[in-house]
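For the record, the sequence lines run as chains A and B.
Read left to right, the first sequence gives residues 40 to 286 (our numbering).
Read left to right, the second sequence gives residues 1444 to 2129 (our numbering).
No lab work stands behind these hints, which were simulated from the structure alone.
Watch out, some of these pointers could steer you wrong.
[As the list claims (entries may be wrong)] Reference listing, derived: stretches of chain A covered by chain B, where coverage requires no fewer than 3 residues with Cβ under 8 Å from a Cβ of chain B: (1) 56 to 64; (2) 67 to 77; (3) 158 to 170.
Bear in mind the structure is a predicted one, so any value in this text is a computation, not a measurement.
Glycine is no exception: its CB is placed at the ideal position from the N, C-alpha and C atoms.
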Amino acid sequence: MSQRYRIRWTKEGRTRYISARDLTSVWERALRRADLPIAYSEGFTPHAKVSFPDALPVSYGSTGEYAELTFAAPITPERDIARLSSSLPDGMDILTYLKVPDGAPKLARMLRATLWELIWPPVDATELTELLHRRSDELMASDAAEVIRHRPDGDRTIDVRPAMLAIAASTHPTAGGDARTVLRAVLRNDGPTVRPTDLHAALTRGDIAEPALNRRVAQGEHVPEGLREALSGTVDPLVLDVDAEAA
Amino acid sequence: MLGTVPDRRAPAVPPRSRRLDHRRPGAAAVTPTSYWETIDPLLSQVRKPAQYVGGEHNQVASDWDAADTRWLLCYPDTYEVGQPNQGIQILYEILNERATALAERAYAPWVDMEALQREHGIPAFSLEHHRPLWAFDVFAVTLPHELGHTNLLNLLDLGSVPIRSAGRSVEDPIVLVGGHAAYNPEPLAPFIDAAVMGDGEEVTLEVDDAIRTWKRIHLGDGQSPGPDARGDLLKRLAAVEGVYVPAFYEPRYYDDGRLRQTVSVEPGVPSRVPKRTVQDLEQWAYPRKQIVPMTETVHERFSVEIFRGCTRGCRFCQAGMITRPVRERRPETIQKLVEDGVRDTGFNEVGLLSLSSADHSAIGSVARDLADTYEGTTTSLSLPSTRVDAFNVTLSNELARNGRRTGLTFAPEAGSERMRAVINKMVSEADLLRTAETSFSEGWRHIKLYFMVGLPTEQDEDVLAIADLGIKAYEIARKYGKANKVTLSVGGFVPKPHTPFQWVAQDPPEEIRRKLSLIRHAIKAHGGLKLRTNDPEEGVIEGLLARGDRRVAPAVERAWELGARFDGWHEMPTLETWMQALAETGVDLDWFSYRERDENEALPWDHLDSGLEKSWLWEDWQDSLTEKDLDDCRWSACYDCGVCPGLSIDHDTGYTGGFQLPVLPQGLGGGSEDLPTAPERYASGS
Ligand code: SF4
């Protein structure tokens, strides 16, 4: 009797460098170490039934990765998902799980939008936040914003505007007493893929450095305050409560 | 630009006069800075960045100041190739199990990463904490083959350690090498402080003891070591059985350039340094906590060495000669290591390693028990064995219970009966064809046959016999299915030290190329019969470094200066660089590689004792010229090669009481379609 679970997991620290290709075996080995009855595909080279809605670019951080796991036998989720989480490499943790009822819509349909975060190093924070503010407003007011994406197989022009649902820059105090600029944006997942690098390209005119880190915060549904996370239903705000984070 | 990171320059490397405090024992030490913060932002610019991050399951990350001695274990190739190495894995575990020691790991950065490291001032680093090479007490490098020599120099330089041993002080690590290429470390003599021959388990712990004692005497809190402190350390190392300190020996040459003798020039050091042999493998049941990579490597499996050594006596085979005698692991120990290891690592493949795994005296029951344990699961079993016989096919059928019967590999090594007698590979053409018949009739669809060209006394007819054998095997293949395949994998022979062929002339690459084209031409009409070859040039550097003496060392250094690294990688053609280095340093390939030596000439490794009597090796070489074969001394009478006297064992086999194997030569393994590159061929060895 198979059971399906959807989980939200993180990919932070050193595990940011695991490629999408290598991820399957990292998960499969963690599942085997945790001794969970994951289901396998048929055929001569069976694969553990773990599916990911999409791939995160290498080096991006994330607290908004998702997966669907199919187990061949029932599990005790509170205990077993925790065990799986601790079997994963440091930096990968399972945050939420949800048992999938029969007839549930596809996972991808629950992940209609992504909250992205672009984080700069702690320099020029006030000026940079101000500049990003202005550029973001301009971008939202425009009908189209074409950028060129450079690829080894040739350049491609893409319009980032249709994917943009909301965007906001803010200044955050760091633990070291400095301040840094953080840009959050809610982008649609349907339609052509738009990544933080494309967003950066649309915002800079050669005057804004690449962020130190791009992070996928969560996925779900766009709401006026930000993003309603798909599995937990909690809302991640577009504008972070600066005071709360500093505290 | 707004938001630009101020300056990503790495923490400065302290000058060599200010490194002592980092190397003091235990709590007296100042922990060196981690370079992770500097490395992290650069990783999105390099290929396969996961190889530089560490953090794998079973990594051991100890505090710097909790240990008295600190080892950096290194495989001088990329992580992808080096990570699966069993030798490093075992030493990593036994050192880290010691309360007073700490071991981290390092691999060679690929060229893109090296360029960034040099640009940003990041030294060669460990994976566990990204600590700099220069801060460790021992930089211990395994040399499974000769093609890592330039990488070794590069790592030292990148690690801010003087290239030459003579330039090092108490502020620098001890550079220690082991592995098969350490049986002739002479081309590296000026660059290393010490070499260890043989099994590493016991000697590593003894070296660790010697260093710990020395550190307590010379490097305790606030102490400043005297001018002879490093010399004292080298003497303590040389006093450990099996440790060779090249600085204490000098080669003497005849006027015509031949080597007369290598003599010890330090009182008290042995005139010949013996190899180390672990007599009871049962006492060293490792790996227990095998590291599980988070990125692709050449062998993704839990590996257990089922025995060490080989006595088949193939005359070309250095591994078989230097690892004698045979020492088996008990079947129940194998079973336990595998079950615990699979559970602990989550690997879905098990590799039963050894030089010729079908030769374990209880392999039939080992394979059956493991196949029973994992029947119906997704765990698969693999056995790297290339024995040419039906039993090997049976064994493969057993191991492939969970999978598909795809490919088998057999190694007849030479094409003609005569040539096989010369190299002592005792398999007849009838054996081979029968084995092919068995394989295809039992549903296997592809066999690979391994051969060499460039063997001593080889004539063109011997080379053409390879094609002939291939064609016959292919005809059998076709009887059982139109899509069945046969692949001939042919490499150029490279003579190695401590073998009966250590005296022979190596074939130059043009000759190897000519022989390969003879085969290619002969099989042209047979579409499904494929030929795979290595680049003939690959053997040139390998051969020179295998049998070179100290006069080759300047060429190694020059080649490295000129940019040679990753010799043996298809992506890095370094032969031209080497040729320039040889020309500049006056090293003559004709002299070192393409010349036959005579009985009386001293060899650069004569003072290094692999256990094999030189007189026995010579006799065996003479026997080979008369095509006289020699039985496996596990099953037949001892022929006094020299290895066993002095050890408390003969061949340690047959725990289950009696041999269950048909006592016939040779084998197989599944694996990839491509002919492995030299680095891959050696990757899983211990
Ligand atoms: S059987 Fe293999 S390992 Fe043993 S001597 Fe022959 S080639 Fe070497």
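Going down the list of hints, with the structure as the test:
Chain B is given as covering the segment 56 to 64 of chain A, and this holds because 6 residues of the stretch bring a CB closer than 8 Å to a CB of that chain, at least three being needed. Remark: the segment 67 to 77 of chain A is confirmed as covered by chain B, as 7 of its residues place a Cβ nearer than 8 Å to a Cβ of that chain, reaching the required three. Using a Cβ-Cβ cut-off of 8 Å, 7 residues of the segment 158 to 170 of chain A lie near chain B, which meets the minimum of three, so the contact claim holds.
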